[in-house]
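Protein chains in written order, with the UniProt record's numbering: chain A, 1 to 336; chain B, 1 to 336.
By construction, these hints were calculated from the structure, which means they are not laboratory data.
Computed from a predicted structure; not experimentally measured.
Some hints here could point you the wrong way.
Unchecked claim - Mimicking DSS-like on lysine-lysine, the simulated pairs with C-alpha atoms at most 30 Å apart in a straight line are: (1) K58(B) - K143(A); (2) K259(B) - K58(B); (3) K259(A) - K143(A); (4) K58(B) - K145(A); (5) K145(A) - K280(B); (6) K259(A) - K58(B); (7) K58(A) - K145(B); (8) K259(B) - K143(A); (9) K58(A) - K259(B); (10) K259(B) - K145(B); (11) K145(B) - K280(A); (12) K58(A) - K280(A); (13) K280(B) - K145(B); (14) K259(B) - K259(A); (15) K143(B) - K58(A); (16) K259(A) - K145(A); (17) K143(B) - K280(A); (18) K143(A) - K280(B); (19) K143(A) - K145(B); (20) K280(A) - K143(A); (21) K143(B) - K259(A); (22) K280(B) - K143(B); (23) K143(A) - K143(B); (24) K280(B) - K58(B); (25) K145(A) - K280(A); (26) K143(B) - K259(B); (27) K259(A) - K58(A); (28) K145(A) - K143(B).
Unchecked claim - Residues of chain B placed beyond 12 Å of chain A at every Cβ, according to the derived structure: (29) R13; (30) I15; (31) T17; (32) R168.
The beta carbon of each residue, even a glycine, is placed where N, CA and C say it ideally should be.
2 protein chains.
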Amino acid sequence: MPASQRQVSFARRPIGTPTEDCFTLATVPVGRPGPGQVLVRNDVLSVDPYIRMRMEEKDSYAPVMRIGDVLVGRTVGQVVESHADGFVEGQWVVGRLGWQDYSVASPAELQLVDVSAAPATAYLGALGSTGITAWVGLHAFGKPKAGETVLVSAASGAVGSVVGQLARLHGCRAVGIAGGAAKCELVRSAYGFDDCIDYRAPDFAEALRRALPQGVDVYFDNVGGPILDAVLPLCNNFARIPLCGLVSQYNATEPYGMKNLREVFNRRVTIRGFVLSDHKDLWPQASAALAGAYAAGRLQYRETITEGLENAPRAFIDMLAGANVGKQLVRLRPAA
Amino acid sequence: MPASQRQVSFARRPIGTPTEDCFTLATVPVGRPGPGQVLVRNDVLSVDPYIRMRMEEKDSYAPVMRIGDVLVGRTVGQVVESHADGFVEGQWVVGRLGWQDYSVASPAELQLVDVSAAPATAYLGALGSTGITAWVGLHAFGKPKAGETVLVSAASGAVGSVVGQLARLHGCRAVGIAGGAAKCELVRSAYGFDDCIDYRAPDFAEALRRALPQGVDVYFDNVGGPILDAVLPLCNNFARIPLCGLVSQYNATEPYGMKNLREVFNRRVTIRGFVLSDHKDLWPQASAALAGAYAAGRLQYRETITEGLENAPRAFIDMLAGANVGKQLVRLRPAA
Numbered sequence: 001m002p003a004s005q006r007q008v009s010f011a012r013r014p015i016g017t018p019t020e021d022c023f024t025l026a027t028v029p030v031g032r033p034g035p036g037q038v039l040v041r042n043d044v045l046s047v048d049p050y051i052r053m054r055m056e057e058k059d060s061y062a063p064v065m066r067i068g069d070v071l072v073g074r075t076v077g078q079v080v081e082s083h084a085d086g087f088v089e090g091q092w093v094v095g096r097l098g099w100q101d102y103s104v105a106s107p108a109e110l111q112l113v114d115v116s117a118a119p120a121t122a123y124l125g126a127l128g129s130t131g132i133t134a135w136v137g138l139h140a141f142g143k144p145k146a147g148e149t150v151l152v153s154a155a156s157g158a159v160g161s162v163v164g165q166l167a168r169l170h171g172c173r174a175v176g177i178a179g180g181a182a183k184c185e186l187v188r189s190a191y192g193f194d195d196c197i198d199y200r201a202p203d204f205a206e207a208l209r210r211a212l213p214q215g216v217d218v219y220f221d222n223v224g225g226p227i228l229d230a231v232l233p234l235c236n237n238f239a240r241i242p243l244c245g246l247v248s249q250y251n252a253t254e255p256y257g258m259k260n261l262r263e264v265f266n267r268r269v270t271i272r273g274f275v276l277s278d279h280k281d282l283w284p285q286a287s288a289a290l291a292g293a294y295a296a297g298r299l300q301y302r303e304t305i306t307e308g309l310e311n312a313p314r315a316f317i318d319m320l321a322g323a324n325v326g327k328q329l330v331r332l333r334p335a336a
Numbered sequence: 001m002p003a004s005q006r007q008v009s010f011a012r013r014p015i016g017t018p019t020e021d022c023f024t025l026a027t028v029p030v031g032r033p034g035p036g037q038v039l040v041r042n043d044v045l046s047v048d049p050y051i052r053m054r055m056e057e058k059d060s061y062a063p064v065m066r067i068g069d070v071l072v073g074r075t076v077g078q079v080v081e082s083h084a085d086g087f088v089e090g091q092w093v094v095g096r097l098g099w100q101d102y103s104v105a106s107p108a109e110l111q112l113v114d115v116s117a118a119p120a121t122a123y124l125g126a127l128g129s130t131g132i133t134a135w136v137g138l139h140a141f142g143k144p145k146a147g148e149t150v151l152v153s154a155a156s157g158a159v160g161s162v163v164g165q166l167a168r169l170h171g172c173r174a175v176g177i178a179g180g181a182a183k184c185e186l187v188r189s190a191y192g193f194d195d196c197i198d199y200r201a202p203d204f205a206e207a208l209r210r211a212l213p214q215g216v217d218v219y220f221d222n223v224g225g226p227i228l229d230a231v232l233p234l235c236n237n238f239a240r241i242p243l244c245g246l247v248s249q250y251n252a253t254e255p256y257g258m259k260n261l262r263e264v265f266n267r268r269v270t271i272r273g274f275v276l277s278d279h280k281d282l283w284p285q286a287s288a289a290l291a292g293a294y295a296a297g298r299l300q301y302r303e304t305i306t307e308g309l310e311n312a313p314r315a316f317i318d319m320l321a322g323a324n325v326g327k328q329l330v331r332l333r334p335a336a
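Go ahead and model the full structure; you've got the sequences and the hints to work with.
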């Protein structure tokens, strides 16, 4: 067990797009687990768009990060020392343990994961909170019926790609929106969406309309902003819009002005913001559904793995600009 | 029975605020009821904001009016000739019979009303579809719990005034938003709201915040636009926003750009557009609740009655600018 570890903490609030000087990499002592605690060696870190919101001074659904805090983030790793019942050395666990090599944690913060059923990293993505977010937003709030059309923004992303696959498993037509021809091709070929439209293409609005001959019944929105505005007029009566995130707005210093809110009234649409942590009661059901789909070979995922904790800030910044394919991860220590 | 009657039809689509030349007043023959039909002499006409939406070429929840159509509108009147089972001369009925002195109607279009329990005009307002709109939006979609705060825009208006009274009957704190000190005073004194804020006052945002020390749990919105934008940051987590209308936007040639939609995500708000005609199943329950509150002396309403069908276009135009107090009605024939 080394005496010291690396840790990334929050140095400065960003204005607009974060820059590397918003982060500080430091070497600090490895914590010592007390009675009832375990020490975890973090193997892989998940960097996610919601972290950008936590960097704001206000306006987030969760407590803001204070300057000096260790960056929040989920990790998968192994127990290296346990003083807690039910945990033994070598077990694989997932938790929100932060951007650091080692973490002291309580059992309530940890979930044991089965690395014989799927790779450890899958539990940070399609089989973890990412997949559960997709399941809860789609099924609990989107409430699709077989035969309906489910549209998803950021469709090549970690959440969006799962939404489309779950929609198809449910008997729906799945249409994605993604940035660039390569991502759209991935959405269609790897994830099996019925169609995917490039929002950067000059004929986006027309192409979207063509891809939705039956209109939109569920729009699973990860981005907000102008794309949500473009989708509203394509909604069918009584459409449901689970609002999972607003990634198009996180770096915006001036929020986009939504023009088409009148369609929410005209088409009797329901827009519902949701945050996964409010719905812990649904996790077991979602988790089981995702594991079942994966075991049956019907849940595909992709990962972009950046090597080294020191590169985590760059990976995070690039992800906000859409540089990743699938789940953006950072491997903290070299693969064994 | 006269051979001819007056009728107002749709002459021209407005751009922005409607003008009187959007309407044509003509003298036409009184229709003859066929077998199974009744002839109704319309006594009082209701002019409502939703009509402005029906004047658009598109973008409404209902079929648009065509040029030459009789203006849509609900009336209360008396059966003067019946060839339909269950209807006899002299009965009072409400129906969407249009801007005209007489209408031929089928039983399915008519509701009998009890003018011994309340004045006939009440069935165009607090005891009719207006009150039912308030009840359905508040209870079916707002789902307030006793002790919560219900905020209502256009609070001195026909729907808004009922919403606040129903909220208080349900054990909620009711706060209104209205235009001008006189309307705010009416909302507090006549309708008994706990508070009412003048959106035209220079300190509106600050006054609204002060009036909502516990935040907003239900925002019953009739206006959309900048007021909705101002309310979103005051919402509590899991707030519900039944969107009943967008009167601030009906005359707008350029829609307002909503900046604060991110709060829908941050605060896990549900915005739900609704239109009364989708919810006929709830009418009996709502109607009974409203009649009970009225009989108990706990449902107040106000009316602005304009005399003469020829003045209906002006009354409609002025109502869109907020000139009315309570329900805007037009008496088609002189009071007996």
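These are the hints, each one checked on the structure:
1. As the CA atoms of K58(B) and K143(A) are separated by approximately 28 Å, the hinted pair is consistent with the 30 Å bound.
2. Among the hinted pairs, K259(B) with K58(B) is consistent with the structure: their alpha-carbon atoms are about 25 Å apart, no more than 30 Å.
3. Under the criterion of a C-alpha separation no larger than 30 Å, the hint pairing K259(A) with K143(A) is consistent with the structure, at around 26 Å.
4. For the suggested pair K58(B) and K145(A), the alpha carbons sit about 28 Å apart, so the restraint of at most 30 Å is met.
5. Distance restraint check for K145(A) and K280(B): the Cα-Cα separation of roughly 23 Å lies within the 30 Å cut-off, and the hinted pair is therefore satisfied.
6. Using a Cα cut-off of 30 Å, the hinted pair K259(A) and K58(B) holds, with the two alpha carbons roughly 16 Å apart.
7. Taking the CA atoms of K58(A) and K145(B), the gap is near 28 Å; set against the 30 Å cutoff, the hint holds.
8. A threshold of 30 Å between alpha carbons decides the hint, and for K259(B) with K143(A) the separation of about 28 Å falls inside it, so the pair holds.
9. A C-alpha spacing of about 16 Å is found between K58(A) and K259(B), which places the hinted pair at or below 30 Å, so the restraint holds.
10. Our distance criterion of 30 Å between C-alpha atoms is met by K259(B) and K145(B), whose separation comes to about 29 Å.
11. Between K145(B) and K280(A) the CA atoms are separated by roughly 23 Å; this keeps the pair inside 30 Å, and the hint holds.
12. Of the supplied pair hints, the one linking K58(A) and K280(A) holds, its CA atoms being roughly 24 Å apart against a limit of 30 Å.
13. Annotation: proposed proximity of K280(B) to K145(B) holds, straight-line Cα distance about 24 Å (limit 30 Å).
14. Proposed proximity of K259(B) and K259(A) is supported: the alpha carbons are some 10 Å apart, at most 30 Å.
15. Among the hinted pairs, K143(B) with K58(A) is consistent with the structure: their alpha-carbon atoms are about 28 Å apart, no more than 30 Å.
16. Distance restraint check for K259(A) and K145(A): the Cα-Cα separation of roughly 29 Å lies within the 30 Å cut-off, and the hinted pair is therefore satisfied.
17. Among the hinted pairs, K143(B) with K280(A) is consistent with the structure: their alpha-carbon atoms are about 23 Å apart, no more than 30 Å.
18. Between K143(A) and K280(B) the alpha-carbon distance is near 23 Å, which keeps this suggested pair within the 30 Å criterion.
19. At most 30 Å may separate the alpha-carbon atoms for a hinted pair to count; K143(A) and K145(B) meet this at roughly 25 Å.
20. Pair hint K280(A) plus K143(A) holds up; C-alpha atoms about 18 Å apart against a cutoff of 30 Å.
21. Of the supplied pair hints, the one linking K143(B) and K259(A) holds, its CA atoms being roughly 28 Å apart against a limit of 30 Å.
22. Proximity of K280(B) to K143(B) is assessed by CA-CA distance (about 18 Å); at most 30 Å being required, the pair is judged to hold.
23. The suggested pairing of K143(A) with K143(B) holds, with an alpha-carbon distance near 20 Å, which does not exceed 30 Å.
24. Simply put, K280(B) and K58(B) have alpha-carbon atoms about 24 Å apart, close enough for the 30 Å limit, and the pair holds.
25. Proximity of K145(A) to K280(A) is assessed by CA-CA distance (about 24 Å); at most 30 Å being required, the pair is judged to hold.
26. Straight-line distance between C-alpha atoms of K143(B) and K259(B) comes to about 26 Å, which keeps the hinted pair within the 30 Å bound.
27. A distance of roughly 25 Å separates the Cα atoms of K259(A) and K58(A); the hinted pair therefore holds under the 30 Å criterion.
28. Distance check on the hinted pair: K145(A) and K143(B) sit about 25 Å apart at the alpha-carbon level, within 30 Å; holds.
29. Look at R13(B): its CB is around 17 Å from the nearest CB on chain A, clear of 12 Å, so calling it non-interface holds up.
30. Interface exclusion of I15(B) from chain A stands, the closest Cβ pair being 17 Å apart, more than 12 Å.
31. At roughly 17 Å, the least C-beta separation between T17(B) and chain A is larger than 12 Å, which holds for a residue marked as non-interface.
32. No Cβ of chain A approaches the Cβ of R168(B) within 12 Å, the least distance being about 26 Å, so the stated non-interface status holds.
The structure shown violates none of the earlier numbered hints.
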